[in-house]
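Quick note on numbering: the first sequence equals residues 57 to 211 in the working numbering.
Hints listed in this document are in silico derivations from the structure and should not be mistaken for laboratory results. Treat each hint with caution, since some may be false.
[Unchecked claim] No more than 20 Å apart at the CA atoms, straight line, and that leaves these computed lysine to aspartate or glutamate pairs for DMTMM-like:
#1 159 <-> 72
#2 159 <-> 73
#3 174 <-> 206
#4 163 <-> 99
#5 186 <-> 172
#6 63 <-> 172
#7 63 <-> 99
#8 63 <-> 138
#9 81 <-> 114
#10 163 <-> 98
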Amino acid sequence: MNYWLMKSEPSVFGIDDLRRSPGRKTCWDGVRNYQARNMIRDDMRVGDQALFYHSSTEATGVAGIMEIVRAGFPDPSALEPDDPHYDPDSDPAAPRWFAVDVKFKEKFGRIVTLAELKRHRALSGMQLLKRGNRLSVMPVSASHWRLILDLARGR
DNA sequence: GCCAACGTTGGC
DNA sequence: GCCAACGTTGGC
């Protein structure tokens with residue numbers, strides 16, 4: 057099983073929105089970066105776990121956990137002209153962008169903040185903490201995953 | 001709101 | 001293929 061971290065701005069869609077979604081599931085669409093696309097399309101598997109990361113907000117950080125419940129499929133929002141993520145250059149016959157379905161698993165009792173993650177030397181290798189990182193989807197190692205869950209649960 | 005860092009675009 | 005200009009991300 058793989059571990060991931062996926063970013064979203066809570067002012068657009070946060071972990072509470074996911075929890076309130078029908079079936080506690082949503083289509084994680086709108087990713088328009090090729091590196092992230094490749095991971096969504098090629099590497100995400102049903103049953104993989106993902107940290108839900110809140111970006112661009114006060115208290116940026118990890119808010120909880122979700123699970124991949126449908127592996128990569130062509131992102132419908134790329135083909136829908138009314139969608140803000142519409143890509144006019146996208147070809148339905150050769151999909152460029154991909155999405156997964158995710159399901160709410162857990163909301164932490166608190167946000168494990170970015171500042172806090174930065175304080176732990178054991179997490180210094182995290183892609184999230186690398187300078188200039190802007191990926192909205194990235195892998196998380198099993199050891200980093202465990203440590204972050206320990207932090208969330210007060211060890 | 002500012003700005004650093006990065007990805008993409010397009011002229012050449 | 002180079003690279004300047006531009007747009008976006010996201011922390012602060």
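Going through the hints against the structure:
1. 159 <-> 72: 12 Å, holds
2. 159 <-> 73: Distance of about 11 Å is within 20 Å: holds.
3. 174 <-> 206: 15 Å, holds
4. 163 <-> 99: Between residue 163 and residue 99 the Cα gap is close to 25 Å, so the pair fails against 20 Å, i.e. violated.
5. 186 <-> 172: This hinted pair holds, its Cα atoms lying about 15 Å apart.
6. 63 <-> 172: 17 Å, holds
7. 63 <-> 99: Measuring from Cα to Cα gives roughly 17 Å; hence the hint holds.
8. 63 <-> 138: 23 Å, violated
9. 81 <-> 114: Roughly 25 Å separates the two Cα atoms, so the pair is violated.
10. 163 <-> 98: Violated - the C-alpha atoms of residue 98 and residue 163 are around 27 Å apart, more than 20 Å.
In this structure, the hints that do not hold are numbers 4, 8, 9 and 10, in rising order.
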